[in-house]
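Peer 1: Sequence:
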Amino acid sequence: KLWVLYNTQAGKDDQERAESWNGDTQGIIIFTGLFSATIASLLVNSYNNLIPSSGDNTVSALTHISEQLAAHFNGTPVSGQVPAFVMPPFHPPPSAVVVNTL
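So in my numbering the end of the sequence shown lands on 110, straight run, no missing numbers.
Don't read these hints as lab results, they were simulated from the structure.
Treat the hints with care, as some may be off.
[Stated by the list, open to error] Distance windows between CB atoms, simulated:
1. I38 to F98: 37 to 43 Å
2. H72 to Q34: 56 to 62 Å
3. L58 to N30: 39 to 45 Å
4. T40 to L10: 42 to 48 Å
5. P101 to I73: 24 to 30 Å
6. P102 to A48: 19 to 25 Å
7. I36 to N65: 43 to 49 Å
8. P60 to T33: 43 to 49 Å
9. L58 to V94: 18 to 24 Å
10. L70 to F39: 46 to 52 Å
11. P102 to S62: 19 to 25 Å
12. E75 to S103: 30 to 36 Å
Glycine included, each C-beta is placed from N, C-alpha and C at the ideal position.
Given these sequences and hints, build the entire structure.
Peer 2: Next up, the structure:
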């Protein structure tokens, strides 16, 4: 009789523990999904900061062309006034590098 009572109580405890673990597991899975979605959105937004902006390159080139045209129409020689166009060096911001290495 003692063994039957023990098995009944142990079965109830095991069932409660399994249900508790099931609830905890679902919470962990939900948290993991939300966490990965948040990280993915940060990576998508900061990935563009790792490459030079084509808009900035275009502005630099157009500024150089404008300076050459202004020098030409002012009657000054282009080679003496405006140096050849050199693309400015690009250095990604450290924050974008750190976020994208995670």
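Peer 1: With 19 to 25 Å as the target window, see if P102 and A48 comply at their CB atoms.
Peer 2: Taking Cβ atoms as reference, P102 and A48 lie about 21 Å apart, which means the hint holds.
Peer 1: Cβ-Cβ distance between P101 and I73: within 24 to 30 Å?
Peer 2: 28 Å, holds
Peer 1: With 43 to 49 Å as the target window, see if I36 and N65 comply at their CB atoms.
Peer 2: Once the Cβ atoms are compared, 46 Å apart, the range 43 to 49 Å for N65 and I36 holds.
Peer 1: Range hint 37 to 43 Å: satisfied by the CB atoms of I38 and F98?
Peer 2: 40 Å, holds
Peer 1: For the range 56 to 62 Å, tell me whether the beta carbons of H72 and Q34 fit it or not.
Peer 2: This hint holds: roughly 60 Å between Cβ atoms.
Peer 1: Taking the CB of T40 and the CB of L10, does the distance hold inside 42 to 48 Å?
Peer 2: Because 44 Å falls inside the window, the suggested range holds.
Peer 1: With respect to the beta-carbon atoms only, verify the hint that L58 and N30 lie 39 to 45 Å apart.
Peer 2: Once the Cβ atoms are compared, 42 Å apart, the range 39 to 45 Å for N30 and L58 holds.
Peer 1: That 43 to 49 Å hint for P60 and T33 (C-beta), does it hold up?
Peer 2: The hint (43 to 49 Å, Cβ to Cβ) holds, given that P60 and T33 are roughly 45 Å apart.
Peer 1: 30 to 36 Å was suggested as the range; check whether the CB atoms of E75 and S103 agree with it.
Peer 2: With a Cβ separation near 33 Å, E75 and S103 satisfy 30 to 36 Å, so the hint holds.
Peer 1: Holds or violated: the 46 to 52 Å window for the beta-carbon distance between L70 and F39?
Peer 2: At roughly 49 Å between Cβ atoms, F39 and L70 fall inside 46 to 52 Å, so the hint holds.
Peer 1: Taking the CB of L58 and the CB of V94, does the distance hold inside 18 to 24 Å?
Peer 2: The hinted range 18 to 24 Å holds for L58 and V94, with Cβ atoms some 22 Å apart.
Peer 1: Taking 19 to 25 Å as the stated bounds, is the beta-carbon spacing between P102 and S62 within them?
Peer 2: 22 Å, holds
When the structure is compared with the earlier hints, no violation turns up for any of them.
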